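Participant: The primary structure of each chain is shown beneath.
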Amino acid sequence: MLKKRIDRLAKLGCRWRYGRLLSAYLDHEVDAQAEGVIAGHLRQCARCRVEFEQLRFANRALVEFEIPPMRGPLSVGQVFQLPALKEVSPKKRLYSQKIAVPLPLAAGFVIALIGATLFAIGDDQPTQIQSPGLVPSPSAAVIKVVEVPVERVVIRTVYSRRSVSSRVRGAQKEKEFTLTPSDSKGDIARNGGKSLEWSDSTLKDFRPAASANLRVVKEHEK
Amino acid sequence: MLTELADIVPGADDELLDESIVERIRAGERRLFGLLYQRYRTRTFALAFGMTGQREQAEDLTQEIFLRVYERLGGFQGQSKFATWFYRIALNQCLNHCRNDRRRRRTVANPDDGQATMLVELRVVEQADATLLRKEIQHQLRSALLSLKPEVRVLLLLKEIEGLSYEEIAERLECSPGTVASRLSRGRRLLARKLESLKGKI
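Here the protein sequences come in this chain order: A and B.
Residues in the first sequence are numbered from 613 upward in steps of one, following the numbering used here.
Residues in the second sequence are numbered from 902 upward in steps of one, following the numbering used here.
Just so you know, the hints here were simulated from the structure itself, not pulled from any lab data.
Keep in mind the model is a prediction, meaning the values are calculated, not measured.
Check before you lean on any hint, since a few could be wrong.
With a straight-line Cα cutoff of 25 angstroms, these simulated SDA-like cross-link-like pairs (lysine to any residue) come out [to be verified]:
no.	chain 1	residue 1	chain 2	residue 2
1	B	LYS1100	A	GLN666
2	B	LYS1100	A	GLY631
3	B	LYS1050	A	ARG632
4	B	LYS1050	A	TYR630
5	B	LYS1100	A	GLU665
6	B	LYS1036	A	ILE679
7	B	LYS1036	A	ARG672
8	B	LYS1100	A	PHE669
9	B	LYS1102	A	GLU678
10	B	LYS1050	A	ILE679
11	B	LYS1036	A	ARG668
12	B	LYS1102	A	VAL662
13	B	LYS1050	A	PRO680
14	B	LYS1102	A	GLU665
15	B	LYS1100	A	PHE677
16	B	LYS1050	A	GLY631
17	B	LYS1100	A	ALA658
18	B	LYS1036	A	PRO681
19	B	LYS1050	A	GLU678
20	B	LYS1036	A	ARG683
21	B	LYS1100	A	ARG672
Kindly produce the complete structure, drawing on both the sequences and the hints.
Facilitator: Spelled out as structure tokens, the structure:
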């Protein structure tokens, strides 16, 4: 049993060793030393001899393969009209070479190009030229009309002024003052007990408060 | 219209090297291409016939090869021999043709069926006519060759018909001589197996 197995392995080894070389040996493509070794092996090994005969048979069959004479035209002029030969310049050859760009890179480039184009189109939109006599149209907003059940609506603008004392301390506190324009001159806002007169000079140091510069308050008519 | 070689190439010298002819064609003597055609047409047709197995197809393929060679003549740099450059184009054309043809012929009956039919016919033919037998042998040979992969088939043809060495084949197919040796060995084994029925007749 074991002997059979060893014999089988030896045969496999033989084929592995000489199998590919047999074809080259048939074509005289191996050196003299290898040729001698293979010839000696072929005399001893029946299996390789069968293999070699197979290869020789294939060779003989190919020699038998007949190629019919060409019936086609005898001259090139009958085959095709020769157009002027295009000279391929080295520069053109360089340009005609394929340039491989990785797909993610190409995709990123295309996306960037589309984005830039859209951005440019957005900037190119014509700006509306306002005629001097027209009031600029307000931006879109929802205007809600609320009926207030009072006799008088007073509009007060809230102004603020940075107090001197705060500035000294480095604090950025702002003090709010409320000035109420009314029909009576000198209608004074009541700011912590202080009275300020309503005049241009009074307003010089004031600016509308950042939080709310317009407040609608309701007052009962006196 | 060009008809005869003498008209095409007045004073054309048979000793003129292929490379010199190419130079002159590129310089404007387009008619000299006829000389290249005369030199290479038979071998090109043999290769095309071995690859296609049909005369009409082989003739068409030969023309395609020459047309392609002419178109690319401007790009011939002379870094290799013209014959090597020519065969590289011819072999690529043949392999492309076979690949496309194989896709088209997938629906056609497989070669084994044909072989079985041929064996029945062969028995009849043996008693009849030696010429017919020869034709049938040729038919079987063609079928067996065509059943091989184009990459293997082209090697067998270059070796047996062109008589090229392993080095030359490797140069033309742009592969190593070792690859040539192993493919050739495999191709011969396959061919012998497919032509088992012809043993004793060849």
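Participant: Holds or violated: LYS1100 of chain B and GLU665 of chain A, Cα atoms, limit 25 angstroms.
Facilitator: Holds, at about 11 angstroms.
Participant: Is the straight-line distance between the alpha-carbon of LYS1050 of chain B and that of GLY631 of chain A 25 angstroms or less?
Facilitator: holds, 20 angstroms
Participant: Given the hint that LYS1102 of chain B pairs with GLU665 of chain A, does the C-alpha gap stay at or below 25 angstroms?
Facilitator: holds, 15 angstroms
Participant: Between the alpha carbons of LYS1050 of chain B and ILE679 of chain A, is the straight-line distance 25 angstroms or under?
Facilitator: holds, 20 angstroms
Participant: Holds or violated: LYS1036 of chain B with ARG683 of chain A, Cα cutoff 25 angstroms?
Facilitator: Measuring from Cα to Cα gives roughly 19 angstroms; hence the hint holds.
Participant: Does the structure keep LYS1050 of chain B and GLU678 of chain A at a Cα separation of 25 angstroms or less?
Facilitator: holds, 20 angstroms
Participant: Regarding the pair LYS1050 of chain B and ARG632 of chain A, is the alpha-carbon distance no greater than 25 angstroms?
Facilitator: holds, 19 angstroms
Participant: Do the alpha carbons of LYS1050 of chain B and PRO680 of chain A lie within 25 angstroms of each other, as the hint requires?
Facilitator: holds, 22 angstroms
Participant: Would the hint linking LYS1100 of chain B and ARG672 of chain A be met if the CA-CA limit is 25 angstroms?
Facilitator: holds, 10 angstroms
Participant: LYS1100 of chain B and ALA658 of chain A: Cα distance at most 25 angstroms?
Facilitator: Holds, because 19 angstroms separates the two Cα atoms, which is no more than 25 angstroms.
Participant: When you check the alpha-carbon spacing of LYS1102 of chain B and VAL662 of chain A, does it fall within 25 angstroms?
Facilitator: OK: LYS1102 of chain B and VAL662 of chain A at ~18 angstroms, within 25 angstroms.
Participant: Sort out whether PRO681 of chain A lies within 25 angstroms of LYS1036 of chain B, counting only the CA atoms.
Facilitator: holds, 15 angstroms
When the structure is compared with the earlier hints, no violation turns up for any of them.
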